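Using the sequences and the accompanying hints, generate a full structural model.
Protein chains in written order, with this note's numbering: chain A, 1 to 84; chain B, 1 to 84.
Please note that a few of the clues may not be correct.
Below, in silico cross-link-like pairs of lysine to any residue (SDA-like), each with a Cα-Cα straight-line distance of 20 Å or less [to be verified]:
(1) Lys30/A to Lys80/A
(2) Lys25/A to Leu35/B
(3) Lys80/B to Ile20/A
(4) Lys80/B to Pro21/A
(5) Lys25/B to Phe71/A
(6) Lys28/B to Ile20/A
(7) Lys80/A to Lys25/B
(8) Lys25/A to Ile7/B
Source of the hints: derived by calculation from the structure; they are not laboratory data.
In this text the structure is predicted, and so the values were computed from the model without any measurement.
Number of protein chains: 2
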Amino acid sequence: MDTITIIGLIAGALTTIAYIPQAIKVWKTKETHDLSIVWLIILAVGELIWIVYGALINSLPVIATNIGSAFLALFILAYKAKYK
Amino acid sequence: MDTITIIGLIAGALTTIAYIPQAIKVWKTKETHDLSIVWLIILAVGELIWIVYGALINSLPVIATNIGSAFLALFILAYKAKYK
Chain A
1 MDTITIIGLI AGALTTIAYI PQAIKVWKTK ETHDLSIVWL IILAVGELIW IVYGALINSL
61 PVIATNIGSA FLALFILAYK AKYK
Chain B
1 MDTITIIGLI AGALTTIAYI PQAIKVWKTK ETHDLSIVWL IILAVGELIW IVYGALINSL
61 PVIATNIGSA FLALFILAYK AKYK
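Next up, the structure:
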């Protein structure tokens with residue numbers, strides 16, 4: 001694996017990991033009042049399109065990252081929808 | 001501009017625009033209790049590394065998106081730091 005891909009994977013790992021504390025916070029507290037549902041929906045759709053773009057340019061970091069991020073965004077969105 | 005770049009820019013526009021409602025919500029309400037500061041810091045750092053990766057693979061969507069996203073993440077982070 002080349003250096004550029006590794007840099008991309010580090011970036012991707014961080015921006016994906018970034019959602020984990022938020023997901024845990026929402027999961028534990030069930031408090032989602034300060035989270036914007038519009039934000040979550042646009043984010044999830046955008047990440048799904050990023051997966052397509054990543055596939056088209058053959059970028060493993062873009063694909064892998066956005067699969068992870070989309071999953072977490074949808075997880076938080078599910079809590080937001082349930083607990084408001 | 002080729003179709004692949006346009007798809008990437010659409011994805012990037014969505015994942016960047018996604019932060020705008022959150023930024024406006026934080027700006028209006030000053031309520032950031034449910035937002036994780038760990039999330040915001042990791043996200044901002046990750047987005048800065050994405051800009052480097054985007055430059056290395058010559059991907060305009062990756063560069064442009066992460067400049068926008070990093071700016072918004074830092075904006076929200078500033079409010080979080082100020083109002084807790």
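Against the structure, the hints come out as follows:
1. Lys30/A to Lys80/A: holds (8 Å)
2. Lys25/A to Leu35/B: holds (8 Å)
3. Lys80/B to Ile20/A: Holds: lysine 80/B and isoleucine 20/A sit about 18 Å apart, inside 20 Å.
4. Lys80/B to Pro21/A: With a Cα-Cα distance of about 15 Å, the restraint between lysine 80/B and proline 21/A holds, given a limit of 20 Å.
5. Lys25/B to Phe71/A: violated (24 Å)
6. Lys28/B to Ile20/A: Roughly 26 Å between the alpha carbons, so the hint for lysine 28/B and isoleucine 20/A is violated.
7. Lys80/A to Lys25/B: Holds, at about 15 Å.
8. Lys25/A to Ile7/B: violated (33 Å)
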